[in-house]
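Protein sequences appear in the order of chains A and B. Residues 1 to 360, numbered by the numbering used here, are exactly what the first sequence covers, in order. Residues 1 to 508, numbered by the numbering used here, are exactly what the second sequence covers, in order.
These are calculated hints, taken from the structure and not from any lab test. Computed from a predicted model, the values in this text were never measured in an experiment. Even glycine gets a Cβ: it sits at the ideal position worked out from N, Cα and C. Treat the hints with caution; some may be incorrect.
Claimed, not checked - With a straight-line Cα cutoff of 30 Å, these simulated DSS-like cross-link-like pairs (lysine-lysine) come out:
id, chain 1, residue 1, chain 2, residue 2
1, A, 232, B, 345
2, A, 340, B, 64
3, A, 232, B, 329
4, B, 91, B, 249
5, A, 241, B, 345
6, B, 329, A, 218
7, B, 319, B, 453
8, B, 91, A, 241
9, A, 241, B, 64
10, B, 64, A, 232
11, A, 232, B, 117
12, A, 349, B, 276
13, B, 329, A, 340
14, A, 241, B, 276
15, A, 232, B, 270
16, A, 349, B, 201
17, B, 329, A, 241
18, A, 174, A, 340
19, A, 218, B, 345
20, B, 270, B, 249
Claimed, not checked - Selected chain B positions facing chain A (Cβ under 10 Å, derived; list incomplete):
id, residue
21, 74
22, 77
23, 307
24, 310
25, 359
26, 368
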Amino acid sequence: MAKRSSAILLPVVAILFGFALGALVLVATGKGPLAMFQAMLQSVTGINSEAGSFNPRYIGEFIVQAMPIMLTGLSVGFAFRTGLFNIGAEGQLMAGSIAATAVALWVKAPPGAHVVLVLLAAMAAGGLWGAVPGYLKARFNVHEVVVTIMMNYIALFLNNWAVVALFKSEDRIKTAAFPASAMLKSTALSAMTHGSRLNWGFVPVLVSLVAYWFIIEKTAFGYSLRAVGFNKDGAQYAGMKVNRNIVWSMIIAGAFAGLAGAVITVGTFSFGRALPAAEGYGFDGIAVALVGANAAIGVFLSGLLFGMLKAAQTLMQSQGIPKEIASIIQASIVLFIAMKYGISHVLQKLGPPKPGETDR
Amino acid sequence: MSVAFVIEMLDIVKVFPGIRANDGVTLQVEQGSIHALLGENGAGKSTLMSMLFGLYQPDGGTIKVRGSAVRIGNPNVANQLGIGMVHQHFKLVHNFTVTENIILGLEPRSGLVIDLKGAARRVRELSDRYGLLVDPEARIEDISVGMQQRVEILKMLYRNAEILIFDEPTAVLTPQEIRELMGIMHRLVQEGKTILLITHKLKEIKEVARTCTVLRRGRLIGTVAVAETTEARMAEMMVGREVSFHVEKAPGRPGDVVLRIERIQVRNAKGLLGVKDLSLEVRAGEILGICGIDGNGQTELIRAVTGLSDLESGRILFKGLDLSNHSVKQRTDAGVGHIPEDRHKHGLILDFRLDENFVVHSYGEPPFSRAGILDFRAIRVNAERLIQEFDVRCGQGPASPTRAMSGGNQQKAIVAREIDRSPALLIVAQPTRGLDVGAIEYIHRRIIAERDKGKAILLVSLELDEVLDLSDRIAVLCGGEIVGVVDAQATNENELGLMMAGSARKVS
Numbered sequence: 001m002a003k004r005s006s007a008i009l010l011p012v013v014a015i016l017f018g019f020a021l022g023a024l025v026l027v028a029t030g031k032g033p034l035a036m037f038q039a040m041l042q043s044v045t046g047i048n049s050e051a052g053s054f055n056p057r058y059i060g061e062f063i064v065q066a067m068p069i070m071l072t073g074l075s076v077g078f079a080f081r082t083g084l085f086n087i088g089a090e091g092q093l094m095a096g097s098i099a100a101t102a103v104a105l106w107v108k109a110p111p112g113a114h115v116v117l118v119l120l121a122a123m124a125a126g127g128l129w130g131a132v133p134g135y136l137k138a139r140f141n142v143h144e145v146v147v148t149i150m151m152n153y154i155a156l157f158l159n160n161w162a163v164v165a166l167f168k169s170e171d172r173i174k175t176a177a178f179p180a181s182a183m184l185k186s187t188a189l190s191a192m193t194h195g196s197r198l199n200w201g202f203v204p205v206l207v208s209l210v211a212y213w214f215i216i217e218k219t220a221f222g223y224s225l226r227a228v229g230f231n232k233d234g235a236q237y238a239g240m241k242v243n244r245n246i247v248w249s250m251i252i253a254g255a256f257a258g259l260a261g262a263v264i265t266v267g268t269f270s271f272g273r274a275l276p277a278a279e280g281y282g283f284d285g286i287a288v289a290l291v292g293a294n295a296a297i298g299v300f301l302s303g304l305l306f307g308m309l310k311a312a313q314t315l316m317q318s319q320g321i322p323k324e325i326a327s328i329i330q331a332s333i334v335l336f337i338a339m340k341y342g343i344s345h346v347l348q349k350l351g352p353p354k355p356g357e358t359d360r
Numbered sequence: 001m002s003v004a005f006v007i008e009m010l011d012i013v014k015v016f017p018g019i020r021a022n023d024g025v026t027l028q029v030e031q032g033s034i035h036a037l038l039g040e041n042g043a044g045k046s047t048l049m050s051m052l053f054g055l056y057q058p059d060g061g062t063i064k065v066r067g068s069a070v071r072i073g074n075p076n077v078a079n080q081l082g083i084g085m086v087h088q089h090f091k092l093v094h095n096f097t098v099t100e101n102i103i104l105g106l107e108p109r110s111g112l113v114i115d116l117k118g119a120a121r122r123v124r125e126l127s128d129r130y131g132l133l134v135d136p137e138a139r140i141e142d143i144s145v146g147m148q149q150r151v152e153i154l155k156m157l158y159r160n161a162e163i164l165i166f167d168e169p170t171a172v173l174t175p176q177e178i179r180e181l182m183g184i185m186h187r188l189v190q191e192g193k194t195i196l197l198i199t200h201k202l203k204e205i206k207e208v209a210r211t212c213t214v215l216r217r218g219r220l221i222g223t224v225a226v227a228e229t230t231e232a233r234m235a236e237m238m239v240g241r242e243v244s245f246h247v248e249k250a251p252g253r254p255g256d257v258v259l260r261i262e263r264i265q266v267r268n269a270k271g272l273l274g275v276k277d278l279s280l281e282v283r284a285g286e287i288l289g290i291c292g293i294d295g296n297g298q299t300e301l302i303r304a305v306t307g308l309s310d311l312e313s314g315r316i317l318f319k320g321l322d323l324s325n326h327s328v329k330q331r332t333d334a335g336v337g338h339i340p341e342d343r344h345k346h347g348l349i350l351d352f353r354l355d356e357n358f359v360v361h362s363y364g365e366p367p368f369s370r371a372g373i374l375d376f377r378a379i380r381v382n383a384e385r386l387i388q389e390f391d392v393r394c395g396q397g398p399a400s401p402t403r404a405m406s407g408g409n410q411q412k413a414i415v416a417r418e419i420d421r422s423p424a425l426l427i428v429a430q431p432t433r434g435l436d437v438g439a440i441e442y443i444h445r446r447i448i449a450e451r452d453k454g455k456a457i458l459l460v461s462l463e464l465d466e467v468l469d470l471s472d473r474i475a476v477l478c479g480g481e482i483v484g485v486v487d488a489q490a491t492n493e494n495e496l497g498l499m500m501a502g503s504a505r506k507v508s
């Protein structure tokens with residue numbers, strides 16, 4: 001039980017430290033931290049505590065920010081449970097967006113079915129993008145970090161090429177608008193949240209969270225993935241197909257990220273976009289997975305946290321607080337998580353000593 | 001009482017939450033002697049020594065060094081008091097030379113550069129003086145485990161340690177290296193050093209130690225003069241009951257050939273032939289022991305039979321079925337069991353719960369999973385049964401974290417898992433390495449029981465005694481070849497030793 005309680009306590013302490021550091025930086029620049037916390041509160045609840053007003057649009061935008069990074073968090077987390085470091089969620093996400101754009105523009109299908117096809121195509125494309133580093137790792141022992149980083153660049157430029165060459169963008173920046181049948185947009189949800197970009201994207205996100213938990217914790221396949229992640233040699237001695245698991249793990253990780261691409265493309269936006277640079281969803285996913293300890297519930301909670309930090313940036317800026325503070329907080333939380341051994345050491349000194357470190 | 005005690009630990013108490021690791025332990029070590037500290041895993045030996053070395057602080061009692069009470073706050077204080085520790089797991093930088101490793105932390109300078117030459121000279125002097133035969137210029141990765149241990153010893157001597165603590169020093173050594181280490185210890189004592197030897201190997205205590213202090217469950221059981229006691233008496237003090245050393249077994253009744261290895265060649269991790277043209281047969285109802293010096297093809301042989309390595313040539317027949325191209329899983333399912341040499345790396349998934357570790361082969365089959373969904377109830381029930389049947393002691397039953405279990409119980413868990421599947425062929429590698437007497441006795445009994453049930457057992461061990469005690473027939477490996485197959489009843493340590501060294505051959 002000691003292990004479980006520290007699994008919760010550690011991220012919480014890291015998060016508090018992160019906020020404290022952000023506040024300190026703010027004070028150093030001559031601003032009071034109160035306004036920052038008010039902005040964060042407002043971005044989550046929609047309540048402006050100073051003016052006493054309530055605007056649900058903020059809640060909607062907050063959820064829109066959290067959705068894709070939960071999915072990239074699942075992507076990174078899934079690979080990590082098999083002992084793989086998936087830096088390529090960004091590229092898998094873009095592969096997903098390209099596929100989503102293609103199916104949205106080119107395929108004719110009835111409403112309902114069309115959007116499902118879009119999502120499935122995005123997952124397939126993301127999975128394919130993940131399969132490449134997975135196969136290279138399993139077959140030739142090429143390190144997945146190197147391959148996935150390179151695959152990110154390939155995906156970015158493939159996307160920009162596709163927007164112009166395949167989807168015939170007229171302004172070379174965005175494609176034609178998608179038909180309504182292909183999109184996750186909902187006028188009702190948007191109206192409920194005072195015109196925010198909130199859309200049905202949260203449904204595939206929640207399904208993914210449950211699927212992640214189910215696959216990892218409940219299935220025989222998840223058991224063998226965890227075994228490989230914990231101890232590759234031990235898994236091999238037990239007769240598990242280590243290489244096959246590595247490929248499948250990367251495919252599924254890629255599918256989560258590909259889905260994130262679809263949620264952004266046909267949910268947040270309504271057209272395919274050419275991008276000047278990667279948007280950082282993949283790296284956010286690493287942070288989300290790290291803080292969420294690669295567990296479904298953890299990814300959900302840390303996805304909300306980082307979604308809040310992203311959503312609060314515009315509000316902070318409107319109050320004269322540099323929006324970079326939010327990024328500083330995000331980075332320092334990750335840093336403190338990475339320093340978990342140091343933190344647990346401090347906690348151990350403060351709290352009652354833990355059992356278990358006995359004579360061996 | 002005019003004896004000078006160089007170290008006195010009086011009435012030491014150390015409490016960890018839930019456990020009194022040391023409960024009023026007193027240890028008095030005479031100057032210039034080898035003093036053994038004996039106890040099972042978890043008896044509190046390491047805790048006591050950690051306090052002497054400054055890693056822990058005692059909650060009660062006094063520590064005196066050379067007659068004066070001291071507070072050893074950290075290992076640096078211990079070093080200043082002339083106390084050095086040779087750890088069980090060496091702490092060496094592999095791509096550094098011997099000298100570089102030894103001076104690490106107190107590099108002698110001449111001007112701005114490290115005076116490596118001077119240091120090497122001093123290392124050589126020390127090595128010669130104590131008969132260690134260490135080459136100061138050799139790289140750690142190029143020298144044997146036994147040599148690496150001597151480097152650790154030199155590290156202490158270089159720091160002018162007068163009192164040397166050896167933590168289970170023979171666990172990683174071959175029989176020859178053990179003998180050499182014993183010689184080195186005698187030499188050290190002759191030169192005026194004092195040695196504290198942590199161990200659970202009675203034979204070694206009998207051989208080198210003058211005095212032996214026995215701990216059990218954190219308590220002091222007694223201190224005895226080794227010359228005036230017997231191994232059996234010390235074992236009894238350690239375990240708390242009588243222990244039989246002699247493995248009781250009826251003569252084997254070999255049946256049909258279960259495993260037939262035909263002229264196999266196997267490459268090792270470096271891509272060289274680790275096993276050359278090796279043929280063997282193991283019959284039902286017999287234990288075939290393989291002995292040999294570490295690194296003479298044991299690992300490659302096991303990997304080939306279990307399917308972890310491909311055969312270069314030759315074939316492996318199991319009950320007449322050619323297994324040569326079968327996967328690990330197919331062999332496991334066909335009835336090959338394997339208790340691997342390295343239980344942490346290969347035998348267990350340490351981060352799994354105990355119940356999860358019991359199903360590493362069978363998680364994909366009913367009753368443990370149906371349609372790919374795990375049945376945790378069935379997995380737990382299975383674990384409860386095996387824990388009961390094999391007397392696996394673990395804090396939280398099936399949900400115990402495997403990593404937190406003691407080595408003996410981890411090994412019992414592996415033995416339970418493999419034997420429970422009732423494989424026709426059981427490959428057992430180093431089944432008792434690092435275990436205490438009680439666990440060794442238990443595991444030996446289970447292996448013999450399997451033989452008596454008519455299973456074929458291939459035993460690979462570096463402990464010659466173990467091979468001699470358990471086997472019906474013994475095959476000797478040297479340089480990747482079988483240099484002799486003998487009847488266990490009709491051979492002895494000498495004959496085997498000669499064959500292991502490659503200076504005799506006997507293929508019957």
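Evaluated hints:
no. : hint          : result
1   : A:232 / B:345 : holds (9 Å)
2   : A:340 / B:64  : violated (38 Å)
3   : A:232 / B:329 : holds (15 Å)
4   : B:91 / B:249  : violated (42 Å)
5   : A:241 / B:345 : holds (17 Å)
6   : B:329 / A:218 : holds (22 Å)
7   : B:319 / B:453 : holds (17 Å)
8   : B:91 / A:241  : violated (34 Å)
9   : A:241 / B:64  : violated (57 Å)
10  : B:64 / A:232  : violated (48 Å)
11  : A:232 / B:117 : violated (43 Å)
12  : A:349 / B:276 : violated (56 Å)
13  : B:329 / A:340 : violated (38 Å)
14  : A:241 / B:276 : holds (28 Å)
15  : A:232 / B:270 : holds (20 Å)
16  : A:349 / B:201 : violated (37 Å)
17  : B:329 / A:241 : holds (9 Å)
18  : A:174 / A:340 : violated (43 Å)
19  : A:218 / B:345 : holds (25 Å)
20  : B:270 / B:249 : violated (40 Å)
21  : 74            : violated (15 Å)
22  : 77            : violated (20 Å)
23  : 307           : holds (8 Å)
24  : 310           : violated (14 Å)
25  : 359           : holds (8 Å)
26  : 368           : holds (8 Å)
Hint violations for this structure: numbers 2, 4, 8, 9, 10, 11, 12, 13, 16, 18, 20, 21, 22 and 24, all remaining hints satisfied.
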